[in-house]
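J.: Below are the chains, spelled out letter by letter.
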Amino acid sequence: MTIALEARNIIKQYAGVLAVDGASFSVREGICFGLLGPNGAGKTTTVEIIEGVTTATSGEVLYYGEIAGAKFRQEAGIQFQNTALQDFITVRETIEMFRNLYDRQADMGQIIEQCSLGDLLDRDNRKLSGGQRQRLLLAVALVNKPRLIFLDEPTTGLDPQARRNFWDLVKSIRAGGATILLTTHYMDEAQVLCDEIAIMDAGKIIAQGSPEKLLREQYDGLIIELPISDLTDDLSGIAHTVLENLGIIEVVTTDVSKTLQQLTPHVSNLNQIKIRQPDLEDLFLDLTGHSLRA
Amino acid sequence: MLKRIFAIFQARNREFLRDRAALSWNLILPIALMFGLSFAFGNDRDAYTVGVLQESKAINTDDHDFLKTRYIHFVAYDDLDLAMRKVSRHQLDLLVEFGDPPRYWVNSESPKGYFAEIVLLQALSGKEALIEKQQITGTAVGYADWLLPGILGMNMMFSCLFGVGYVVVRYRKNGFLKRLRATPLSSFEFIAAQVASRLVLILLITSFIYTGTHVLLGTRMEGSYFTLFLIAVVGAISLISLGLVISARVTSEELAGGLLNIVNWPMMMLSGVWFSLEGAPDAIRTVANIFPLTHVLNSARAVMLDGATLADVAPSLLALTAMSAVFFAIGAKVFRWSQD
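These protein sequence lines are chains H and F, in that order. Position one of the first sequence corresponds to residue 2 (this note's numbering), numbered consecutively onward. Position one of the second sequence corresponds to residue 759 (this note's numbering), numbered consecutively onward.
I should point out that these hints are in silico values taken from the structure, not numbers from a laboratory. Just so you know, these numbers come straight off a predicted model, no measurement behind them. Careful: at least some of the hints might be erroneous.
Here are the simulated BS3-like cross-link-like pairs (lysine-lysine), alpha carbons at most 25 Å apart as the crow flies [stated by the list, open to error]:
no., chain 1, residue 1, chain 2, residue 2
1, H, K146, H, K72
2, H, K275, H, K259
3, H, K214, H, K128
4, F, K1091, F, K826
5, H, K128, F, K931
6, F, K761, H, K72
7, H, K72, F, K815
8, F, K1091, F, K931
9, F, K761, H, K146
10, F, K815, F, K826
11, F, K826, F, K891
12, H, K205, H, K172
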């Protein structure tokens, strides 16, 4: 399959801080690729280097096999996490202005309909709600019919309904054939939207693949979770992980019945026990030793 | 390229024109200053100014008792035509030459010239028969005539420096520039759009203020409107370019404000906005020539008050063009999109 984007050994050194430490990954054409990591992991710096708005100390970015340059700028659509727009300018004028910066231009009506901005066209940018603003920023990212779209924490700060609406929008864009590179803190978002993910920590890519594959490789079984406060003594002889900050312990097992029988003598109250599938949060914790949202 | 420049140009114009507070400030301040100062000082300056025709640029008070007279500001001239023109415009109350024989020139229509002549003749202690009198005629250059170019120039300076410099820093600080960098827009295109936008807006505002004050106060216009417009265009470009140089890398609005003030206050004081530097020490006049506003005001006053032609103000226009080229090149070279 065609590789749309490839980052090769990206390094970014700030004074006294190695923000990105040799990050390499590739993104296949037509997929939604998620870059996950906590604050300070270096994912925004990595993405901004790929986008061309930050200069790398070393490394290179290839777009369809060539060093990302003028063609990349014409064909990439970018939604930053925080972008100020001009005051006193309407939604329609903002879209038109950005659209006129590109040789490739999407149809105005199509963008407006896709991002549900029809009722907001004459509204001043300053008077948009969080969800409306995110839809406008996405519209701005679509003005050039992009083949590759960067979405940096696109649903941060949105209410649950607005987040789900935004997910539907991203799915429709992907269905149109565009490649998407998404950075997010939300594991449910990554699991719903991403075909592949790369997990980043301390400037390095520590795992890459589809969420299902990575979870399958890391876990064989289910997770039993119970509050530390319900333990009557220590769990010697039972492999477990203590999560002090969450006040719980976790036990991974392939035989839930047998493990519950082992645990029962050590637990005062079984009502708080949870049995669940491992998720990306667990994966990140096990790979890095700390919580994804720490 | 032009399409991208026009997109940014148009958006910036809309942003400025819809910001009613900023627009009002740009219009109301200069008009209020012009009318207020004309009303307050409309009867012209209090002190007498007398030109002394001599080769030396320094006035030696020992040369003649008249030069010791208090409340008269003596200015040396070595160009008789220039000095006579100033007498005819009432910019000099009297012109004297202590040669052989001594001569003086006075405007018979100037009230202050009448009194300055009495003081001169008194200082000569009855030797008036030995001094040769030359009559000059011509209507006065009022304070409003002299002040108008200064007010227009000052407004242009503030609008160009802060309207571009401050805005670019704000765009950089809030990430709007970073977003533009992720598009095919080049730094040259962005800067060209900013210059074009501010140029059009400041020319419209300046023309509006000039027309209003010219009509209402009947200010003097001896030269060509085209030449005056050309001075405004070239002067505004140089001031906008200077604002871009200052804002090319700065990421803090506070620092930008300080740097812009470092530039605009010396221009306010030394470029001739409020008072003429005629008679000031050479060093100060030389320093003043490094400021674009000095060239703008000198050439605008020459056109408006003395009827200077395009050829007369060409040196100033060339100086402004050279400054613009240097400022623009530096601005485009060192321009930074983001705070990193």
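J.: Look at each hint and say if it fits the structure.
T.: Status of the hints after comparison with the structure:
no. : hint             : verdict
1   : H:K146 x H:K72   : 13 Å, holds
2   : H:K275 x H:K259  : 15 Å, holds
3   : H:K214 x H:K128  : 44 Å, violated
4   : F:K1091 x F:K826 : 55 Å, violated
5   : H:K128 x F:K931  : 21 Å, holds
6   : F:K761 x H:K72   : 18 Å, holds
7   : H:K72 x F:K815   : 65 Å, violated
8   : F:K1091 x F:K931 : 19 Å, holds
9   : F:K761 x H:K146  : 18 Å, holds
10  : F:K815 x F:K826  : 17 Å, holds
11  : F:K826 x F:K891  : 21 Å, holds
12  : H:K205 x H:K172  : 28 Å, violated
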